[in-house]
Amino acid sequence: RKEVEQDPGPFNVPEGATVAFNCTYSNSASQSFFWYRQDCRKEPKLLMSVYSSGNEDGRFTAQLNRASQYISLLIRDSKLSDSATYLCVRFSGGYNKLIFGAGTRLAVHP
Amino acid sequence: ETGVTQSPTHLIKTRGQQVTLRCSSQSGHNTVSWYQQALGQGPQFIFQYYREEENGRGNFPPRFSGLQFPNYSSELNVNALELDDSALYLCASSLGQGDYEQYFGPGTRLTVT
Chain A
1 RKEVEQDPGP FNVPEGATVA FNCTYSNSAS QSFFWYRQDC RKEPKLLMSV
51 YSSGNEDGRF TAQLNRASQY ISLLIRDSKL SDSATYLCVR FSGGYNKLIF
101 GAGTRLAVHP
Chain B
1 ETGVTQSPTH LIKTRGQQVT LRCSSQSGHN TVSWYQQALG QGPQFIFQYY
51 REEENGRGNF PPRFSGLQFP NYSSELNVNA LELDDSALYL CASSLGQGDY
101 EQYFGPGTRL TVT
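Protein sequence lines, in the order shown, are assigned to chains A and B.
With our numbering, the residue at position 51 of the first sequence is 51, and numbering never jumps.
With our numbering, the residue at position 55 of the second sequence is 55, and numbering never jumps.
Derived by calculation from the structure, the hints in this document are not laboratory data.
Backbone N, C-alpha and C define an ideal beta-carbon position, used for all residues, glycine too.
Misleading hints may appear alongside valid ones.
[As the list claims (entries may be wrong)] Quick list of simulated restraints, FRET-style, between CB atoms:
hint, chain 1, residue 1, chain 2, residue 2, range
1, A, SER68, B, GLU1, 35 to 41 Å
2, B, THR5, A, GLY58, 45 to 51 Å
3, B, ASN79, A, ASP77, 25 to 31 Å
4, B, ILE12, A, CYS40, 18 to 24 Å
5, B, ALA80, A, ALA67, 19 to 25 Å
[Said to hold, decoys possible] Some but not every residue of chain A turned toward chain B, in silico, with C-beta under 7 Å:
hint, residue
6, ALA20
7, GLU43
8, PRO44
9, SER83
10, LEU87
11, PHE91
12, LYS97
13, ALA102
Make the full structure from the sequences, and use the hints.
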């Protein structure tokens, strides 16, 4: 079982739609989680951190459910510019590395 | 931009050859991590360098090696290239070894034929 698993998509949604991605992880001792965004053929960029209490940044909301070991990302009022791959990431402090899921592709169309 | 630079941007090599990729970290960052991203996959951790010492390694064979220099820039060397080594190689710099906030460079796209 992969350490971080995501639905690869693609999710094809119209502008203005609300879309949600889920991600599951296998290491219950994990402490830190993130969502990264990666545009086609570009480097990943940190989108937001994920906390048990939830984290909201404008149209984006991230949530961590430790009991079920899943992380979610909600995007409201989708824009064309939101089209990208969203990577679910766990930080492994013991090994100082980021562990990435394979990513979920989002395509927002007019 | 993150201030992390990588060279070259693209590279084509033949199976069996050796390659060296370079990374300059963001000013003030003493830690560099290297990742390999195959097509359709998320980045996979190769290793990390902190103050010129290897500080953690992923599941990659010894033919993947690295260096970090006193100015904290870094090199990734891959010997005996295989077709499966074709990927985007990303380096990321951070303030310290335990810092989860890593800033990625634009990557080097390596194609092995």
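Do the hints match the structure? See the list:
{"no.": "1", "hint": "SER68/A to GLU1/B: 35 to 41 Å", "verdict": "holds, 37 Å"}
{"no.": "2", "hint": "THR5/B to GLY58/A: 45 to 51 Å", "verdict": "violated, 30 Å"}
{"no.": "3", "hint": "ASN79/B to ASP77/A: 25 to 31 Å", "verdict": "violated, 50 Å"}
{"no.": "4", "hint": "ILE12/B to CYS40/A: 18 to 24 Å", "verdict": "holds, 20 Å"}
{"no.": "5", "hint": "ALA80/B to ALA67/A: 19 to 25 Å", "verdict": "violated, 46 Å"}
{"no.": "6", "hint": "ALA20", "verdict": "violated, 19 Å"}
{"no.": "7", "hint": "GLU43", "verdict": "holds, 4 Å"}
{"no.": "8", "hint": "PRO44", "verdict": "holds, 6 Å"}
{"no.": "9", "hint": "SER83", "verdict": "violated, 17 Å"}
{"no.": "10", "hint": "LEU87", "verdict": "holds, 5 Å"}
{"no.": "11", "hint": "PHE91", "verdict": "holds, 4 Å"}
{"no.": "12", "hint": "LYS97", "verdict": "holds, 4 Å"}
{"no.": "13", "hint": "ALA102", "verdict": "holds, 5 Å"}
Of the numbered hints stated above, those contradicted by the structure are hints 2, 3, 5, 6, 9, listed in ascending order.
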